[in-house]
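Make the full structure from the sequences, and use the hints.
Per this note's numbering, the sequence shown starts with residue 1017, numbered consecutively.
Be aware that one or more of the hints could be misleading.
[Stated by the list, open to error] Label-pair restraints from in silico Cβ distances:
| id | residue 1 | residue 2 | range |
| --- | --- | --- | --- |
| 1 | 1107 | 1197 | 48 to 54 Å |
| 2 | 1115 | 1183 | 18 to 24 Å |
| 3 | 1213 | 1121 | 28 to 34 Å |
| 4 | 1047 | 1174 | 54 to 60 Å |
Honestly, the hints are just simulated from the structure, not real lab data.
Backbone N, C-alpha and C fix where the C-beta goes; we use that ideal spot for every residue, glycine too.
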Amino acid sequence: MPLTGKDTLNLLFSGVSTSLIMHGALQREATGPGSSIRLHPLLMGLGFALMISTGFWMYNYEDLPGEWIDQRESRRKIHAFCQSTGSLLVLAGWLVNYQAHESAGEALFQVSSPPLGFSQGPVWVRLVHIMLGYVCLASLCCQVCVGILKYRALIDDNEGNDGAWSIHEQIGNVTFGMAMLNLLIGIWLWKEFSLPVRIVISLTLITSLAFGPRWDGTRGFLSSANSAKEGRHHRDHGLSNLGAPVTIGSRA
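Structure, rendered in structure tokens:
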């Protein structure tokens, strides 16, 4: 089934924001100590604006092409892949930042002077960007660990523990919200971004923030209606157990 208009816009906005972030990041000159810092926003953009955003949206896309992707287990696997890849990109973004500070002789956890640090914006805003970034990293590490535990609970044979580690979604929403806010702060402090580009990136990231997580607590693709649709799909293809109705349960 073809993508809906909403799903197409979601993918388009994610691609636009990521492309513009990458382009603006590479506009900084790659010369001198700490010049690798220009890869920091590039990797953070790929991690949060593209992969992790797509991982969030995976449960909200209504109809993706292909039968395999419209099954609960398939969506879960793609979600895990996107979030894991995004987390690795974010970690790489921090490592680039660490290496740049080391080569430039600048200390972490404090505002750096140009060309390593931002050359515009109030000092306190730059400090907020630094501290919020480390809070996001810590929260992301926690989210990954809880996500692994939740995934193991969902794929085992014990149906009674499927509700375990439900806090995974709440931690993810908070982490994603903080990360998007910090991306926006960095974009408005990075002088290589023009005003029109900053506005476009801000609007697309806000779209990701608004429509990615299920802030209202609904199940998105995993709603009862979609569960019923998946059950019909299994029955139509002879996947039910000896002709019995397929029960999806409450797995997320």
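For residue 1107 and residue 1197, compare the CB-CB distance with the range 48 to 54 Å and indicate the outcome. At roughly 20 Å between Cβ atoms, residue 1197 and residue 1107 fall outside 48 to 54 Å, so the hint is violated.
Evaluate the given range 28 to 34 Å for the C-beta pair formed by residue 1213 and residue 1121. holds, 31 Å
Whether the CB-CB distance between residue 1047 and residue 1174 falls inside 54 to 60 Å: With Cβ atoms ~57 Å apart, the hint holds.
Can you let me know if the beta-carbon spacing of residue 1115 and residue 1183 is within 18 to 24 Å? Violated, at about 34 Å.
Going through the hint list in order, the structure does not satisfy hints 1, 2.
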